[in-house]
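**Q** These are the residues of each chain, in order.
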Amino acid sequence: MVENPDRHRVGDHPRDAAGREWEVFVRPDGADPLRHVGSVSAPSVGVAYEQAETLFAWCADDVWLCPADAVERYSTHTLDDDAERVPVGPDGDERPRES
Amino acid sequence: MISVSKLLCELDAEGDGLRYDAAADSSKPQISREKQRRPVVVWNLTKQCNLYCSHCYAAADTGTAPGELGTAEGKRLLDDLADYGVPVVLFSGGEPLVRDDLVELVGYADDLGIRPVLSTNGTLITPETAAELRDAGLRYAGVSVDGLPERNDEFRGADGAFDAAVRGIGACLDAGLKTGLRYTITERNADDLPGVVELLHDEGVDRFCFYHLDYGGRGADIADADLSPGAKRDAVRRVCDLTREYHDRGAEIETLLVGNYADAAYLVEYARRHLGEAVAERVYDYLRRNGGDPAGERVADVDYQGNVHPTQFWQGYSLGNVRDRSFGDIWDDESNPLLRRLRHRSEHLNGRCADCRYREICRGGSRLRALSAHGDLFAPDPQCYLREAEIA
Numbered sequence: 001m002v003e004n005p006d007r008h009r010v011g012d013h014p015r016d017a018a019g020r021e022w023e024v025f026v027r028p029d030g031a032d033p034l035r036h037v038g039s040v041s042a043p044s045v046g047v048a049y050e051q052a053e054t055l056f057a058w059c060a061d062d063v064w065l066c067p068a069d070a071v072e073r074y075s076t077h078t079l080d081d082d083a084e085r086v087p088v089g090p091d092g093d094e095r096p097r098e099s
Numbered sequence: 001m002i003s004v005s006k007l008l009c010e011l012d013a014e015g016d017g018l019r020y021d022a023a024a025d026s027s028k029p030q031i032s033r034e035k036q037r038r039p040v041v042v043w044n045l046t047k048q049c050n051l052y053c054s055h056c057y058a059a060a061d062t063g064t065a066p067g068e069l070g071t072a073e074g075k076r077l078l079d080d081l082a083d084y085g086v087p088v089v090l091f092s093g094g095e096p097l098v099r100d101d102l103v104e105l106v107g108y109a110d111d112l113g114i115r116p117v118l119s120t121n122g123t124l125i126t127p128e129t130a131a132e133l134r135d136a137g138l139r140y141a142g143v144s145v146d147g148l149p150e151r152n153d154e155f156r157g158a159d160g161a162f163d164a165a166v167r168g169i170g171a172c173l174d175a176g177l178k179t180g181l182r183y184t185i186t187e188r189n190a191d192d193l194p195g196v197v198e199l200l201h202d203e204g205v206d207r208f209c210f211y212h213l214d215y216g217g218r219g220a221d222i223a224d225a226d227l228s229p230g231a232k233r234d235a236v237r238r239v240c241d242l243t244r245e246y247h248d249r250g251a252e253i254e255t256l257l258v259g260n261y262a263d264a265a266y267l268v269e270y271a272r273r274h275l276g277e278a279v280a281e282r283v284y285d286y287l288r289r290n291g292g293d294p295a296g297e298r299v300a301d302v303d304y305q306g307n308v309h310p311t312q313f314w315q316g317y318s319l320g321n322v323r324d325r326s327f328g329d330i331w332d333d334e335s336n337p338l339l340r341r342l343r344h345r346s347e348h349l350n351g352r353c354a355d356c357r358y359r360e361i362c363r364g365g366s367r368l369r370a371l372s373a374h375g376d377l378f379a380p381d382p383q384c385y386l387r388e389a390e391i392a
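Taken in order, these protein sequences are the chains called S and B. Residue 44 in UniProt numbering sits at position 44 of the first sequence; the count goes up by one each step and never skips. Residue 326 in UniProt numbering sits at position 326 of the second sequence; the count goes up by one each step and never skips.
What the hints contain is simulated information worked out from the structure, not anything from laboratory work. Honestly, I wouldn't trust all of these hints.
Claimed, not checked - Computed list of chain B residues with no C-beta within reach of chain S, every gap over 10 Å: (1) P29; (2) A59; (3) D100; (4) Y108; (5) T129; (6) R134; (7) D135; (8) G160; (9) L173; (10) L177; (11) E269; (12) L275; (13) D324.
What the hints assert, rightly or not - Per label pair, the in silico range of CB-to-CB distance: (14) B:E252 x S:D32: 53 to 61 Å; (15) S:D69 x B:A72: 19 to 27 Å; (16) S:P43 x B:D376: 19 to 27 Å; (17) B:K35 x S:A57: 28 to 36 Å; (18) B:D100 x S:D69: 25 to 33 Å; (19) B:D376 x S:P33: 44 to 52 Å; (20) S:L34 x B:P66: 28 to 36 Å; (21) B:G250 x S:D12: 55 to 63 Å; (22) B:D376 x S:R35: 18 to 26 Å.
Note that beta-carbon positions come from the ideal geometry of N, C-alpha and C, so glycine has one too.
Construct the complete structure from the given sequences, taking the supplied hints into account.
**A** So this is what it looks like as C-alpha cells:
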C-alpha cells in the first residue's frame, strides 16, 4: 500500500497519430479481476476488438476496450512534461515532483 | 541479428559478447562482456521523415505528428533505461535527424553509459553533423540504402536520395564514425544487392546489415513484394557466398542478417554443405547461445509517443506507455499473458514449427508475420523457407 504518494495526473497526449488507441482489458475467467494488457491502434472499436481478440482470445473470457483518450491517469511515476501535481494527504498538500 | 561473417568466416565483432556470450573468445573490444540480460531499445524519436519510403515499418510521414516525447521527457526516458540496465539505444524514426535535439540526446545517453547508435536514411548528414554526433559519443550509424540509385530512389520516393545517402555515409566515415549499410531485401531490389555492397565497400563501408521485410506499418502494404520462399533462400545464399568471397580476397567485411530466424537454420545447413560438420556444429552452438527471434525479450521499441512495443515492427500493439509507467515496470510485467507467452513461445508453436529440429535456434521466427498471415500468434512464420527434409 502506497501511503501519501507523490502522484501526478498524466497529460492528455495523443497515443496514436494515424488512428485511435484503445486500452485493452481482459478477464481470464468469470471470477477474475479485469487486467490491463496494453493497447491496440485501430480506426474503430470494431477493428480494435478484432485485434484484441486475435491477441488475447486464447486467455480471456471477457475483453473490454476503452478509448485511450478517455482514460484519466494518475501515477506516482511519470516522465510527462505536462503532468500536473495532485493534492495528497489530509490537508490536500501538494508535494513537488522529483526531477 | 545473425552475423554471417562471424559464423562462416570467424570474424570477431564488438557484439560477440552481447550476441553470443562469446566475449572471452573475441579479439575485439566488446559492447558487453556478458550475454545481454536487458533488451536493446529502439527509440523512434519522431514519426517525421524527409522521405516517404514504401516499406517503412513506422509509417513515417513528411509532416509532424502530435504527442512526441520532448527533450526533457526523452532524457527522463534515458534515465529510466539506464536504471534498468539497457545496454544499447538505437535512435530511429521517422528520420531522427529532423529533430534538433538529437546530438543532445545522444550525448545524454552516452553520459549515462548507454551505447548510442543511429538508424538514418543518411540524406541529412553533413560533415558538421557527423562530427557533432561523433563528439557526442555516437558509436555507430546505420544508413538505409535499398538498391542501386534508380531503385533506391523509387523506394524512398525522392530523386537523388541515393546520392544524398552516399554523401552522408562519406561524411560519417570522414568523421571517423563506424558506419554501415541497412538494406531491406524484397523482390524489387534483390538483384541489386551485390552491386550496392561493392559500391559502398569502395566508399569505405565494411558493415552490411540485410533485413527481411516485416509486415509492420507500410511494410504490410507491400507484402506482395516480399520474396517467395525460394527467392529468399537464394538471397540468403548470395549473402553467405558474397561474405566468403570478400573474406577470401582479404576484405573482412561484417555481414548480418536481420528479421528472419529461418536464416539461423539455413546457416547451419550452409556450413554443413560448404564447410563441414565441425563448422556446422560450431555455428549451431553460437546460434543456440544467441537465442533465436528476439521479440519481447532482447529487443524492445519505444515509439515517439512513448508506447512500448515488443519489437519496432509491431507498432499496432503496445504493452504500455512510458508517460504512465517506467519502461522497466512495463517490460517486467509478465502478468500480461501475451508477453509471458511470447517469452515462452517454444512450448506453444504449432504447425511445422512444433517439431522442427531447429526450433531451439529459431524459436518460430517472426510472431508478427505469423499473426499477419494466419491470425495466430503461434502459427509458422510465412517467411520460413526451410525445406521439409531440413527441419525433420
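**Q** Beyond 10 Å from every Cβ of chain S: is that where the Cβ of B:D100 lies?
**A** Label holds. Min Cβ-Cβ 17 Å, cutoff 10 Å.
**Q** Beyond 10 Å on every Cβ pair: is that true for B:G160 relative to chain S?
**A** 28 Å, holds
**Q** Confirm or reject the claim that B:E252 and S:D32 have a C-beta distance inside 53 to 61 Å.
**A** 57 Å, holds
**Q** Quick check on a hinted range of 19 to 27 Å for S:D69 and B:A72, using CB atoms only.
**A** 23 Å, holds
**Q** In terms of Cβ atoms, is chain S entirely out of 10 Å range of B:A59?
**A** 6 Å, violated
**Q** If you check the beta carbons of S:L34 and B:P66, does the distance land in 28 to 36 Å?
**A** Check passed, 29 Å falls within 28 to 36 Å.
**Q** So B:T129 supposedly isn't at the interface. Is its beta-carbon more than 10 Å from every beta-carbon in chain S?
**A** Correct as stated: the minimum Cβ-Cβ distance to chain S is 26 Å, above 10 Å.
**Q** That 28 to 36 Å hint for B:K35 and S:A57 (C-beta), does it hold up?
**A** 35 Å, holds
**Q** Closest CB-CB distance from B:D135 to chain S, is it above 10 Å?
**A** 26 Å, holds
**Q** Is the Cβ of B:P29 more than 10 Å away from each Cβ in chain S?
**A** 32 Å, holds
**Q** Go ahead and decide if the range 19 to 27 Å is satisfied by the Cβ distance of S:P43 to B:D376.
**A** 23 Å, holds
**Q** Take a quick look at B:L177 and tell me if its Cβ sits farther than 10 Å from every Cβ on chain S, holds or violated.
**A** Holds: least Cβ distance 29 Å, greater than 10 Å.
Hint check: violations occur at hints 2, 13, 19; the rest are consistent with the structure.
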